[in-house]
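Listed below, chain by chain, are the residues.
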Amino acid sequence: MSDGVVLTVRARPDARLDLTGVTPDRCANLSASEIAGLPVWLGATEARVGDIFDVRGERSARVEIKGDLGDACGVGARMTGGLLHVHGSVGDDAGQAMAGGVLRVDGHAGERLGGGLPGAARGMTGGEIVVFGSAGGSAGALMRRGLVAVAGGVGACAGRGMMAGTLLALGPVGELPGVGNKRGSIIAAGGVAVPASYRFACAYEPPHVRLLLTSLRRRLGFPCDPGLVAGRFDRYCGDAGEPGKGEILVWTGYANGHERTSR
Amino acid sequence: MEIRGVFIEDTFAEAFAMRAARVVITARTMKWARAAALKLTGFATSVIACKCEAAIERELTPDETPDARPGVSALLFTMDTDSLGKRLTERIGQTVLTCPTASCFDGLPDVPDRLPAARALRTFGDRFQISKVVNGERYWRVPVMEGECLLQESFGMQKQGVGGGNFLILAQDIDAALDAAEAAVAAIDGMPGVILPFPGGVVRSGSKIGSRGYKGMIASTNDAYCPTLRPFTATALPDGVNAVLELVLDGLSPDAISAAMRAGIDAACRPGVRAISAGNYGGKLGPHHFHLRQIMGAPV
Chain A
1 MSDGVVLTVR
11 ARPDARLDLT
21 GVTPDRCANL
31 SASEIAGLPV
41 WLGATEARVG
51 DIFDVRGERS
61 ARVEIKGDLG
71 DACGVGARMT
81 GGLLHVHGSV
91 GDDAGQAMAG
101 GVLRVDGHAG
111 ERLGGGLPGA
121 ARGMTGGEIV
131 VFGSAGGSAG
141 ALMRRGLVAV
151 AGGVGACAGR
161 GMMAGTLLAL
171 GPVGELPGVG
181 NKRGSIIAAG
191 GVAVPASYRF
201 ACAYEPPHVR
211 LLLTSLRRRL
221 GFPCDPGLVA
231 GRFDRYCGDA
241 GEPGKGEILV
251 WTGYANGHER
261 TSR
Chain B
1001 MEIRGVFIED
1011 TFAEAFAMRA
1021 ARVVITARTM
1031 KWARAAALKL
1041 TGFATSVIAC
1051 KCEAAIEREL
1061 TPDETPDARP
1071 GVSALLFTMD
1081 TDSLGKRLTE
1091 RIGQTVLTCP
1101 TASCFDGLPD
1111 VPDRLPAARA
1121 LRTFGDRFQI
1131 SKVVNGERYW
1141 RVPVMEGECL
1151 LQESFGMQKQ
1161 GVGGGNFLIL
1171 AQDIDAALDA
1181 AEAAVAAIDG
1191 MPGVILPFPG
1201 GVVRSGSKIG
1211 SRGYKGMIAS
1221 TNDAYCPTLR
1231 PFTATALPDG
1241 VNAVLELVLD
1251 GLSPDAISAA
1261 MRAGIDAACR
1271 PGVRAISAGN
1281 YGGKLGPHHF
1291 HLRQIMGAPV
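Chains A and B, in that order, give the protein sequences.
Just so you know, the working numbering puts the end of the first sequence at 263, numbered straight through with nothing missing.
Just so you know, the working numbering puts the end of the second sequence at 1300, numbered straight through with nothing missing.
No lab work stands behind these hints, which were simulated from the structure alone.
Misleading hints may appear alongside valid ones.
[What the hints assert, rightly or not] With a Cα cut of at most 27 Å, we get these calculated DSS-like pairs of lysine-lysine:
#1 A:LYS182 - B:LYS1086
#2 B:LYS1086 - B:LYS1132
#3 B:LYS1132 - A:LYS245
[What the hints assert, rightly or not] Computed Cβ-Cβ distance ranges for the label pairs, DEER-style:
#4 A:ARG232 - B:GLY1190: 31 to 37 Å
#5 B:GLY1190 - A:ARG183: 58 to 64 Å
#6 B:ASP1110 - A:ASP54: 48 to 54 Å
#7 B:ASP1110 - A:ALA240: 55 to 61 Å
#8 B:ARG1119 - A:PHE200: 52 to 58 Å
#9 B:ARG1119 - A:ALA120: 29 to 35 Å
#10 A:PRO223 - B:LYS1051: 23 to 29 Å
Backbone N, C-alpha and C fix where the C-beta goes; we use that ideal spot for every residue, glycine too.
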């Protein structure tokens, strides 16, 4: 058992890399050679982790990926536990059908962050996805449980069909957020056009947002300054229809005289 | 053994195993956090009649609390697991849920035994409550008239809690006894993992088990230490002692009790104090024995 598993990209793949199934929970029980032997897809060709990455460490649920993976899809897909830390960007479908653990992305993420398998009725069912850059469209779609936190903006249709869970964006949120939202929470700290199908409830300081932001800042260094933590939000309830218990929380300003210092 | 002229008796405090929880209350200001904590720990001096023993442990800075607000940590002790869960539910529900801007968190996150004490309180939300999981812990957002009350669902239960650590201050008069007791309380105040559940941290009505005159009494006055009864009983008071005060300590561990007793006894050794003693039942009832001279550094 080692302190962690480090996968270092040897050279940028010349085809789209699909890393579905290369998860910390699997690496926790595998030797370095077994990790290197895990199957991945390079375009339409089956390859091995060892063909793409230098593998260091073994038998650990803490996995780091170093190198440019901006085109790789399925990073952290079907994770059930552990920590997957990507020192860079990831492509589409990161954290797909994730059920547990922490997926940390220091760069940007592509489309359908934390979404579901094709045709599935639900997206991620647990765990945390924390992206320090921005994310593409349909982030947190069909989310059943868990957290998607994005330090930058997110694309259109964020939180589409959310059943529960939390989607946090410190940057701007694209058009049509929370369509079909049942019980999910969308926290928009950087601007959002709330759909007309949501109804205004109140302006207040939600204690769970404060707790969430404080936890992310302390544990992962998520870039939310103390002023934002003490923020005031407008609460909109929706989406229209049953049960309609979802919410969009829109940051509107600082409480207690805090000034925003950075984001 | 003497400390600054105060005789340390060769005896021990006998204490019991208790279940314990640490409740962290935060609020918009320290004023409101303290307001909730004072109510949470109210009427909780002795399990004999209060069903639990509780007090404020210390104040917390925003850097020390889960939501970066001012906070207060309180410890609550009971004799069994079932009772601890019930007391937490009752007290959090009536004091934190009701207090403006207050939130409630578990202060023993690393303890494996968990009590879902706040789960029942979610129903106050009448199905409008919302559950959120942050860092693997479940919280309940209960809608209230000022916004939302945030309650952590489960609380760690320390099975190795200790209740009933104590020492007695035998003084020449009430002035000297109070001065010494207050100094001892000040020395213990804020020490981690220990509380003084009685008013101001001090007890005047030390008790013995049972009663000589009334059947069915669980406890009655400790006549051996009552100066007014010196002619009538087998007094334990040396000559010149006219007032006795006791500090009772509950702690998360025996080490926490020992450290607090050491600090408190040292502070209590002041002019006008004749001796420091401790209450015990012959060593047959409680598993924890805190020998005064051992605690104060002398060989037993």
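Consistency of the hints with the structure:
1. A:LYS182 - B:LYS1086: 33 Å, violated
2. B:LYS1086 - B:LYS1132: 23 Å, holds
3. B:LYS1132 - A:LYS245: 14 Å, holds
4. A:ARG232 - B:GLY1190: 31 to 37 Å: 34 Å, holds
5. B:GLY1190 - A:ARG183: 58 to 64 Å: 42 Å, violated
6. B:ASP1110 - A:ASP54: 48 to 54 Å: Since the Cβ atoms of B:ASP1110 and A:ASP54 sit about 36 Å apart, the hinted range of 48 to 54 Å is violated.
7. B:ASP1110 - A:ALA240: 55 to 61 Å: 44 Å, violated
8. B:ARG1119 - A:PHE200: 52 to 58 Å: 31 Å, violated
9. B:ARG1119 - A:ALA120: 29 to 35 Å: 30 Å, holds
10. A:PRO223 - B:LYS1051: 23 to 29 Å: 47 Å, violated
Of the hints listed earlier, those the structure fails to meet are numbers 1, 5, 6, 7, 8 and 10, in rising order.
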